[in-house]
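Protein chains in written order, with numbering that gives the first Met the number 0: chain S, 0 to 310; chain F, 0 to 310.
Check the hints yourself; a few may be wrong.
What the hints assert, rightly or not - So, partial list: chain S residues that the calculated Cβ filter (under 7 Å) puts toward chain F:
id : residue
1  : Ala-155
2  : Ala-156
3  : Glu-161
4  : Cys-166
5  : Val-167
6  : Pro-172
7  : Ser-175
8  : Asn-245
9  : Asn-248
10 : Leu-250
11 : Asn-251
12 : Glu-253
13 : Gln-279
14 : Ala-284
What the hints assert, rightly or not - Residues from chain S that keep clear of chain F, each with C-beta distances beyond 10 Å, as calculated:
id : residue
15 : Gly-7
16 : Arg-35
17 : Pro-84
18 : Gly-180
Keep in mind that the hints were calculated from the coordinates and are not lab data. Idealized CB from N, CA, C, for every residue including glycine.
So you can see what is in the structure, the chains are spelled out below.
There are 2 protein chains.
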Amino acid sequence: MGAQRPKGALLGVDLGGTQVKAALFSHLGEREAVARAASPSRESAEAILGAVLAAARELGEPPAGVGVGVAGVLDLREGRVVQSPNLPPLSGFPLRERLRSALGGVPVQMMNDANAAALGEFHAGAGQACRSMVLLTLGTGIGGGVVLDGKIWEGAAGAAGEVGHMCVQADGPECSCGGRGCLEACVSGWALVRDAKAAARDPASAIASLPELTAERLAGLALAGDAGARALWENAGRMLGIGVANLMNLLNPECIVLAGGLARAGDLLLAPARRAWEHQAFERARASCQVRLASLGEWAGVRGAIQPFLP
Amino acid sequence: MGAQRPKGALLGVDLGGTQVKAALFSHLGEREAVARAASPSRESAEAILGAVLAAARELGEPPAGVGVGVAGVLDLREGRVVQSPNLPPLSGFPLRERLRSALGGVPVQMMNDANAAALGEFHAGAGQACRSMVLLTLGTGIGGGVVLDGKIWEGAAGAAGEVGHMCVQADGPECSCGGRGCLEACVSGWALVRDAKAAARDPASAIASLPELTAERLAGLALAGDAGARALWENAGRMLGIGVANLMNLLNPECIVLAGGLARAGDLLLAPARRAWEHQAFERARASCQVRLASLGEWAGVRGAIQPFLP
Numbered sequence: 000m001g002a003q004r005p006k007g008a009l010l011g012v013d014l015g016g017t018q019v020k021a022a023l024f025s026h027l028g029e030r031e032a033v034a035r036a037a038s039p040s041r042e043s044a045e046a047i048l049g050a051v052l053a054a055a056r057e058l059g060e061p062p063a064g065v066g067v068g069v070a071g072v073l074d075l076r077e078g079r080v081v082q083s084p085n086l087p088p089l090s091g092f093p094l095r096e097r098l099r100s101a102l103g104g105v106p107v108q109m110m111n112d113a114n115a116a117a118l119g120e121f122h123a124g125a126g127q128a129c130r131s132m133v134l135l136t137l138g139t140g141i142g143g144g145v146v147l148d149g150k151i152w153e154g155a156a157g158a159a160g161e162v163g164h165m166c167v168q169a170d171g172p173e174c175s176c177g178g179r180g181c182l183e184a185c186v187s188g189w190a191l192v193r194d195a196k197a198a199a200r201d202p203a204s205a206i207a208s209l210p211e212l213t214a215e216r217l218a219g220l221a222l223a224g225d226a227g228a229r230a231l232w233e234n235a236g237r238m239l240g241i242g243v244a245n246l247m248n249l250l251n252p253e254c255i256v257l258a259g260g261l262a263r264a265g266d267l268l269l270a271p272a273r274r275a276w277e278h279q280a281f282e283r284a285r286a287s288c289q290v291r292l293a294s295l296g297e298w299a300g301v302r303g304a305i306q307p308f309l310p
Numbered sequence: 000m001g002a003q004r005p006k007g008a009l010l011g012v013d014l015g016g017t018q019v020k021a022a023l024f025s026h027l028g029e030r031e032a033v034a035r036a037a038s039p040s041r042e043s044a045e046a047i048l049g050a051v052l053a054a055a056r057e058l059g060e061p062p063a064g065v066g067v068g069v070a071g072v073l074d075l076r077e078g079r080v081v082q083s084p085n086l087p088p089l090s091g092f093p094l095r096e097r098l099r100s101a102l103g104g105v106p107v108q109m110m111n112d113a114n115a116a117a118l119g120e121f122h123a124g125a126g127q128a129c130r131s132m133v134l135l136t137l138g139t140g141i142g143g144g145v146v147l148d149g150k151i152w153e154g155a156a157g158a159a160g161e162v163g164h165m166c167v168q169a170d171g172p173e174c175s176c177g178g179r180g181c182l183e184a185c186v187s188g189w190a191l192v193r194d195a196k197a198a199a200r201d202p203a204s205a206i207a208s209l210p211e212l213t214a215e216r217l218a219g220l221a222l223a224g225d226a227g228a229r230a231l232w233e234n235a236g237r238m239l240g241i242g243v244a245n246l247m248n249l250l251n252p253e254c255i256v257l258a259g260g261l262a263r264a265g266d267l268l269l270a271p272a273r274r275a276w277e278h279q280a281f282e283r284a285r286a287s288c289q290v291r292l293a294s295l296g297e298w299a300g301v302r303g304a305i306q307p308f309l310p
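Generate coordinates for the entire structure from the input sequences, incorporating the hints supplied.
Right under this line is the structure:
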């Protein structure tokens with residue numbers, strides 16, 4: 000067990016299908032220590048709870064408050080996970096109460112992990128000093144969150160913020176959600192790999208010679224000047240730009256923050272994106288909205304999760 | 000000059016490119032009388048101001064407060080019209096101050112006409128009893144407004160709510176805004192007429208025999224069983240449904256209200272729209288969102304314009 004932390008320390012947890020990340024923060028929200036472990040996402044709800052408690056012990060227990068961002072649909076009133084495709088054993092699990100009692104009755108706040116990341120960037124990252132922000136996390140899939148007037152916009156049933164499942168291409172490629180032409184089906188890591196696989200069917204393509212089809216490899220190939228790889232990024236960027244323009248025209252947020260692995264491709268993705276949103280968005284909405292890269296990286300979620308305890 | 004109205008009556012004005020509509024309301028927001036005139040939208044700012052004042056006189060002057068919804072981009076702090084494609088002489092005109100002084104110093108509230116219509120339906124129409132609502136006005140173009148937590152979401156520069164200019168079809172038809180594949184370019188009155196003109200190039204098509212190409216005529220032909228006309232409505236409805244699904248997934252509003260002439264086509268438009276949003280929207284967002292027809296018709300805007308004066 001780690002050293003006893005001063006009264007008032009806060010524990011933030013980001014509970015995903017791949018990793019459990021945790022961080023200890025001062026009562027003012029300064030990050031002091033981090034821990035991470037593989038997520039036992041297929042084992043059992045008790046194993047997942049155990050992984051969170053192990054991270055808490057590693058960081059020093061007990062904190063004065065715990066915030067946890069969970070990948071899944073939550074019932075915030077009951078403190079229960081309703082459904083989680085990435086953490087299946089948690090469906091129906093009373094996570095808030097179980098965490099609370101295991102940690103000596105400490106107050107626990109739960110939120111969706113994408114909303115936690117959005118709150119983190121909003122309060123401590125690229126969205127600081129803005130009143131409204133949309134986060135787009137461009138990873139294997141696309142997550143995100145909508146912050147309006149300083150608060151997550153949850154919607155009528157807590158289902159708002161699915162920015163990755165805005166259709167930008169009617170009759171476009173099939174999406175993981177069952178729809179077609181969603182932003183995620185056009186721009187995400189899996190969409191890029193799908194298109195790279197199709198391109199690699201031509202054995203003359205340099206893409207066919209890659210040892211593995213990943214966004215990093217495809218970015219390297221594009222930067223080396225390969226036309227096929229450049230075309231993949233060009234198309235993904237253009238679709239991203241259309242999605243960004245839609246958010247500008249609909250919500251006119253003060254900033255749109257791009258996070259996740261794909262955003263690291265830089266101008267390969269962002270130059271065509273910018274061309275698309277400059278063409279598609281109204282001048283007034285565009286001129287009043289900054290598009291920025293995220294600044295908290297993979298630690299946005301733990302920071303957002305403790306936000307309810309901060310002044 | 001009309002009879003003197005009791006102290007506390009409110010005047011609502013809907014100032015558009017085609018008509019000036021006005022209505023007198025009780026201090027509780029009950030509509031008591033209406034007036035309308037052609038909008039002198041191309042003449043001069045003074046002529047437009049004169050038309051509003053004439054409507055006010057016809058209804059009984061002076062009211063205790065005036066709310067005016069204006070088709071255009073407004074500077075709400077200065078009470079000025081910034082730009083109005085439908086009322087060009089108003090660009091730069093200090094409408095709020097000129098109305099105030101012409102009506103004896105009465106308080107005047109200005110807002111965008113689409114936002115006024117949204118507020119009207121929200122407080123007195125199909126959106127009553129909801130906390131969040133998106134209005135889609137399906138007319139020659141598509142207007143709309145976003146109401147969140149009971150208030151118009153204006154965005155960082157008052158440019159939010161352009162629901163008609165959300166792209167649902169990358170590389171789709173050109174839009175009036177300069178973009179491509181906007182909802183308006185796929186579903187509006189002008190988009191329907193454009194597609195009907197293309198269909199009418201085939202002289203064997205029943206559409207070619209219509210005396211004029213209007214949404215009403217095309218609806219009549221479709222209801223009579225013509226396959227070509229039905230296909231036009233089917234496509235428009237499908238695109239509308241994708242737009243509705245995008246709003247559900249992004250904002251999860253408690254209701255989405257459909258207004259405007261095209262909404263009167265009923266199931267010709269709404270049946271394919273429903274199929275599309277049921278396919279494209281997340282179940283949780285869809286199940287918590289009612290899609291309704293507007294109930295105030297063309298008088299939504301005047302009602303919304305006086306909302307700032309109501310308790």
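For this session: Under 7 Å, Cβ to Cβ, is where Glu-161 (chain S) needs to be relative to chain F, so tell me if that hint holds or is violated.
Result: holds (4 Å)
For this session: May I ask you to test the interface hint for Ala-155 (chain S) with respect to chain F, counting a Cβ-Cβ separation under 7 Å as satisfied?
Result: holds (4 Å)
Problem set entry | Interface hint status, Val-167 (chain S) versus chain F (Cβ within 7 Å) | With a minimum Cβ separation of about 6 Å from chain F (threshold 7 Å), the hint on Val-167 (chain S) holds.
Problem set entry | Cut-off 7 Å, beta-carbon criterion: hint that Cys-166 (chain S) touches chain F | holds (5 Å)
For this session: Would you assess whether Gly-180 (chain S), listed as outside the interface, keeps its beta-carbon beyond 10 Å of every beta-carbon in chain F?
Result: With a cut-off of 10 Å, Gly-180 (chain S) comes too close to chain F, as the shortest Cβ separation is near 8 Å.
Problem set entry | Ser-175 (chain S) as an interface hint toward chain F, with CB separation required under 7 Å | Nearest chain F Cβ about 12 Å off; hint violated.
For this session: Have a go at the Asn-245 (chain S) hint: is there a Cβ in chain F nearer than 7 Å to its own Cβ?
Result: Nearest chain F Cβ about 5 Å off; hint holds.
For this session: May I ask you to test the interface hint for Pro-172 (chain S) with respect to chain F, counting a Cβ-Cβ separation under 7 Å as satisfied?
Result: Check failed: Cβ of Pro-172 (chain S) comes no nearer than 11 Å to chain F, outside 7 Å.
For this session: Please verify that hint: Asn-248 (chain S), Cβ, nearest Cβ of chain F, below 7 Å or not.
Result: Cβ of Asn-248 (chain S) sits 4 Å from chain F, so the hint holds.
Problem set entry | Restraint outcome when Gln-279 (chain S) is required to lie within 7 Å of chain F by C-beta distance | holds (4 Å)
Exercise. Do the numbers back the hint for Ala-156 (chain S), that is, is its least Cβ distance to chain F under 7 Å?
Worked result: Given a least distance of 4 Å, the restraint on Ala-156 (chain S) holds.
Exercise. Is the nearest CB of chain F more than 10 Å from the CB of Pro-84 (chain S)?
Worked result: Fine: 12 Å to the nearest Cβ keeps Pro-84 (chain S) off the interface.
Taken one by one, the earlier hints fail for this structure at numbers 6, 7 and 18, listed in ascending order.
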